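Asks: Residue numbers (my numbering), protein chains in the order written: chain P, 1 to 186; chain B, 1 to 776.
Some hints could be false.
In silico lysine to any residue, SDA-like type, Cα no more than 20 Å apart, as pairs [to be verified]: (1) P:LYS23 / B:ILE76; (2) B:LYS392 / P:PHE159; (3) P:LYS23 / B:THR92.
If you anchor each label on the Cβ, the simulated ranges turn out as follows [to be verified]: (4) P:GLY144 / B:ILE653: 44 to 54 Å; (5) B:ALA240 / P:ASP165: 51 to 61 Å; (6) P:GLU102 / B:THR353: 23 to 33 Å.
Keep in mind that the hints were calculated from the coordinates and are not lab data.
Note that the structure is predicted; figures quoted are calculated from it, not measured.
Even glycine gets a Cβ: it sits at the ideal position worked out from N, Cα and C.
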Amino acid sequence: MNLTSKISILSFFCLLFITACDKEDPDVVEPPELITTVNVTLNTSMGGPAVGMSFRDLDGDGGMEATTVGGTVAANTTYTGSIELLNESISPSESITEEIQEEDEEHQFFFESSIPGVDVAYNDQDADGNPIGLSFILTTGDVGSGDLTITLKHEPEKFEDGVADGDITNAGGETDIEVTFPVDVQ
Amino acid sequence: MSNKLYWIILINLYVTSLAIGQDCVLTVRGQVTDEVSSSPLSYANVFIQETQVGTITDDKGGFILANVCPGHYHIIISHIGCQSEKFHFDVTQDTSLNILLTHTPTELGTVVISGKQDGLSKQSNSSINRASIEDNSHQNLSGLLENETGVHLIKNGNGISKPVVHGLYGNRLIVLNNGIVQSGQQWGNDHSPEIDPFAADKITVLKGASILEIGGGNVGSIILSEPNRIEREPHLHGQANYIFESNGRGNTLNLRLGKYNKALAWRVNGTLKKYGDRKTANYLLNNSGVEEANLALQLEKTIKDRLFVDFYASTFNTRLGILRGSQIGNLTDLEAALSRAEPFYTEADFSYTIEAPRQEVAHHLAKIKAKYIINDDRYIEFIGAGQINNRKEFDIRRSGRTDIPSLSLIQYTFNTNINYKHSINDQLDWKSGYQNIVTDNTNNPETGILPLIPDYIAWKNGVYSKISYTKSNFVIDAGARYDYDRQTALTISTSIPREIIRYENAFHNVTGIFAVTRKIGAKQSLAYNAGYSMRNPGINELYSQGLHQGVSGIEEGDISLKMERALKNTLEYKFVPSSDIALNVLVYHQYFNDYIYLNPQEEIRLTIRGAFPVFKYEQTDASIYGLDFSSQFTLSRSLLLVLKYSYLRGQDISQDIPLIFMPPNSLFGSINYRINGLKTKFKNTKLENPEVEINNRFVFRQNNLLVSQDFVPSPGAYNLTSLKFSTDIITQALKIRSFIKADNLFNVEYRDYLNRQRYFADDLGFSLVAGINVKF
Chain P
1 MNLTSKISIL
11 SFFCLLFITA
21 CDKEDPDVVE
31 PPELITTVNV
41 TLNTSMGGPA
51 VGMSFRDLDG
61 DGGMEATTVG
71 GTVAANTTYT
81 GSIELLNESI
91 SPSESITEEI
101 QEEDEEHQFF
111 FESSIPGVDV
121 AYNDQDADGN
131 PIGLSFILTT
141 GDVGSGDLTI
151 TLKHEPEKFE
161 DGVADGDITN
171 AGGETDIEVT
181 FPVDVQ
Chain B
1 MSNKLYWIIL
11 INLYVTSLAI
21 GQDCVLTVRG
31 QVTDEVSSSP
41 LSYANVFIQE
51 TQVGTITDDK
61 GGFILANVCP
71 GHYHIIISHI
81 GCQSEKFHFD
91 VTQDTSLNIL
101 LTHTPTELGT
111 VVISGKQDGL
121 SKQSNSSINR
131 ASIEDNSHQN
141 LSGLLENETG
151 VHLIKNGNGI
161 SKPVVHGLYG
171 NRLIVLNNGI
181 VQSGQQWGND
191 HSPEIDPFAA
201 DKITVLKGAS
211 ILEIGGGNVG
221 SIILSEPNRI
231 EREPHLHGQA
241 NYIFESNGRG
251 NTLNLRLGKY
261 NKALAWRVNG
271 TLKKYGDRKT
281 ANYLLNNSGV
291 EEANLALQLE
301 KTIKDRLFVD
311 FYASTFNTRL
321 GILRGSQIGN
331 LTDLEAALSR
341 AEPFYTEADF
351 SYTIEAPRQE
361 VAHHLAKIKA
371 KYIINDDRYI
381 EFIGAGQINN
391 RKEFDIRRSG
401 RTDIPSLSLI
411 QYTFNTNINY
421 KHSINDQLDW
431 KSGYQNIVTD
441 NTNNPETGIL
451 PLIPDYIAWK
461 NGVYSKISYT
471 KSNFVIDAGA
481 RYDYDRQTAL
491 TISTSIPREI
501 IRYENAFHNV
511 TGIFAVTRKI
521 GAKQSLAYNA
531 GYSMRNPGIN
541 ELYSQGLHQG
551 VSGIEEGDIS
561 LKMERALKNT
571 LEYKFVPSSD
581 IALNVLVYHQ
591 YFNDYIYLNP
601 QEEIRLTIRG
611 AFPVFKYEQT
621 DASIYGLDFS
631 SQFTLSRSLL
641 LVLKYSYLRG
651 QDISQDIPLI
661 FMPPNSLFGS
671 INYRINGLKT
681 KFKNTKLENP
691 EVEINNRFVF
701 RQNNLLVSQD
711 FVPSPGAYNL
721 TSLKFSTDII
731 TQALKIRSFI
741 KADNLFNVEY
751 RDYLNRQRYF
761 ADDLGFSLVA
771 GINVKF
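When you get a sec, could you build the whole thing from the sequences and use the hints?
Replies: Spelled out as structure tokens, the structure:
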């Protein structure tokens with residue numbers, strides 16, 4: 001309100017002296033809720049190296065192209081996965097993961113894999129006992145390759161049929177993230 | 001909706017003294033004539049409220065009321081299909097009233113070309129009168145226009161609707177609120193005009209080419225929302241309206257008070273509205289409520305019969321809910337929504353609560369107009385106005401940011417007009433003027449989102465001149481206008497580091513009109529109207545950048561866009577053989593050079609939120625043509641039939657593909673039956689003019705569309721039926737009108753091509769509306 005009235009007073013004087021006055025520069029907005037980066041980390045206790053995948057689009061929609069880094073995982077292995085979300089358009093960068101944790105009942109990740117033999121299961125729960133997906137278990141089968149699509153929904157209908165099992169069909173809500181990683185199983 | 005929209009009563013009261021009267025032996029006699037066909041109007045009801053005495057005009061339109069005492073009276077006149085109107089007159093002696101009733105719709109009936117008008121234009125128009133505004137203002141301004149030929153609505157759910165005239169809307173359609181160009185965020189398809197229809201006495205759609213007084217750069221039609229001058233009623237007068245609607249459990253309350261005084265006449269109009277969740281044929285539309293609070297003040301002062309000063313101030317404030325299930329993210333979400341029988345988040349519990357996604361909009365207007373009559377032939381007029389438009393849109397956001405708007409814009413507009421008119425002789429009028437409009441638009445950075453529309457300031461300076469030449473059976477209007485438009489826009493770059501880029505633009509606009517109206521005999525007329533106009537690319541078309549929330553697409557402006565040029569030709573034929581029949585046919589064609597439109601690109605842009613289609617503002621050559629037909633038949637003393645048809649086709653002629661988002665064709669019919677036998681009278685209360693109306697609107701499917709031009713095929717044709725019963729209840733002090741109607745009588749399940757909510761949900765189902773209007 002304070003700002004609005006400031007703007008109005010300024011504008012009013014500006015318009016009174018139309019020719020003499022120019023439009024002031026706008027305040028540059030640093031979008032606080034922008035998600036620029038998705039980091040996926042896969043760890044295994046079965047002896048292989050940790051795998052990191054990422055999607056980065058530092059300037060948000062439009063502008064520069066986004067970059068995707070996929071990963072190579074070992075066959076017939078169980079990985080513990082975690083997802084980190086960042087806003088790197090501001091400095092220092094800000095963790096969006098915490099926002100998701102704070103509002104865990106209103107968020108859920110969905111995993112869709114076109115890689116033969118790869119299966120993803122949730123490894124965390126919100127207060128209602130429904131999954132979130134910030135932590136998950138990924139198991140691989142035989143050698144192959146394909147895509148892993150990770151979707152984050154805001155305000156999904158978690159109690160609808162199949163949603164808690166990871167089926168996105170009845171989830172609704174807005175998609176906050178939808179990224180696809182190429183994955184090789186070797 | 002009612003076909004009664006079309007009834008305009010113009011009354012000229014000529015009170016002549018016939019003899020010196022004595023107590024209660026006076027006679028009031030009169031003659032009712034149809035202004036359009038000049039034929040006497042029989043079977044009109046004439047009624048004096050205070051004495052509860054009434055009669056019906058004879059076959060020569062005449063009536064006599066005997067044994068009237070001297071005093072103040074209100075006469076109520078009505079005719080089939082036409083809501084009654086009330087006028088004040090004094091009886092001191094035997095009195096003769098000469099009443100001219102425009103009982104045919106204005107769009108059918110402006111054959112009259114004698115008498116030079118001071119109005120804006122003689123071009124084709126159709127208008128809605130006060131009585132119809134009173135019956136239908138539970139809807140918004142656009143909703144009132146829905147059954148007019150050539151008019152359609154772009155909706156976003158049911159609270160939000162924008163009028164479309166001959167296929168044009170938004171930046172291309174001017175809405176005039178009490179003579180001032182309504183200034184707001186017209187570019188948005190989900191932004192309604194912020195006008196309270198209750199504050200108006202007349203809403204007119206001018207369909208011709210262009211109107212010079214109002215502004216260059218207008219390629220479309222014009223909608224005028226106007227209050228009348230304050231009635232010359234020396235006592236405190238007013239009216240109260242209350243309308244309840246079952247669908248949405250909506251309540252609309254309006255109060256109007258006014259008093260005429262030689263020193264100062266005043267009128268106040270206030271409206272309150274509250275709706276909850278609306279319902280389709282089968283399910284509730286959660287979060288579709290509306291709240292509205294409006295106030296308008298009108299003052300008039302006459303100084304020495306030469307200087308007329310009007311002051312008008314209004315405030316319009318609304319909160320609108322948007323269907324929760326229609327806020328989506330990317331294309332995948334849209335596909336998921338499209339495959340649903342019911343939208344996501346549909347709940348069975350009705351609620352008045354309005355949550356995000358929602359809009360909060362305030363529009364304030366203050367206007368002063370001074371008209372100085374130099375002599376019988378000349379006047380000069382000054383109009384100054386200021387407007388503030390404050391729009392906030394709230395989306396569902398993370399971490400408590402839902403209460404922070406995602407779009408927050410404030411716009412200040414200042415208008416200055418000077419007009420000079422000179423009637424050179426009986427045949428020739430000359431009018432000329434200057435107009436200045438300054439618009440200052442600022443994004444409030446509270447949103448924390450990069451703005452879709454940049455901050456800008458725009459200056460418009462225009463001069464015009466026009467002449468009107470009248471001869472016995474024809475009128476010629478011709479004129480030209482020049483505008484110099486300047487804009488400064490400040491965009492923020494989409495790349496990092498964020499930079500501010502300052503754009504300066506200047507445009508020269510030329511507008512020209514030519515119109516001939518020819519009267520053929522007493523019953524027919526032919527009017528040709530041609531207009532050439534240029535329009536600057538709008539700010540959104542030049543500089544939009546980013547994701548358009550709710551449209552689920554990335555929109556990109558193009559700073560290299562050129563002027564859009566349009567040539568519109570209309571030809572209108574009117575035939576009014578008698579007071580019983582009226583026909584009107586209007587054909588139009590509008591050619592566009594460099595028509596600016598949002599073109600879907602082949603490119604799908606990958607963002608962190610998934611894939612989005614990209615739309616770019618581009619230019620092409622286009623043509624829009626169509627036909628409006630309307631007719632009215634008074635079949636008997638108690639039966640009236642109205643038929644209307646609108647046809648429209650829009651084509652991109654460079655690529656030979658259809659233009660998207662063009663209104664489908666529609667057919668409207670109504671029958672009014674006046675129950676003449678029913679004249680109940682209890683003590684001093686009388687039931688007058690009971691009437692039943694049944695109407696039907698059939699909207700064809702929009703077939704002129706390629707599969708690739710939309711996410712889903714256009715929805716099918718639909719047919720809506722409405723049934724209404726209305727009556728007047730007249731007591732010595734009050735005139736009460738009441739009605740009850742059923743809209744979408746058969747609870748038809750349908751979706752409309754121009755309603756963006758059609759991707760997510762059905763349109764409204766059955767609704768019962770009951771209203772009462774008390775005039776005192």
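Asks: State for each hint whether it applies.
Replies: Status of each hint after checking the structure:
1. P:LYS23 / B:ILE76: Not satisfied, since the Cα-Cα distance of roughly 56 Å exceeds 20 Å.
2. B:LYS392 / P:PHE159: violated, 32 Å
3. P:LYS23 / B:THR92: violated, 64 Å
4. P:GLY144 / B:ILE653: 44 to 54 Å: holds, 52 Å
5. B:ALA240 / P:ASP165: 51 to 61 Å: holds, 58 Å
6. P:GLU102 / B:THR353: 23 to 33 Å: holds, 24 Å
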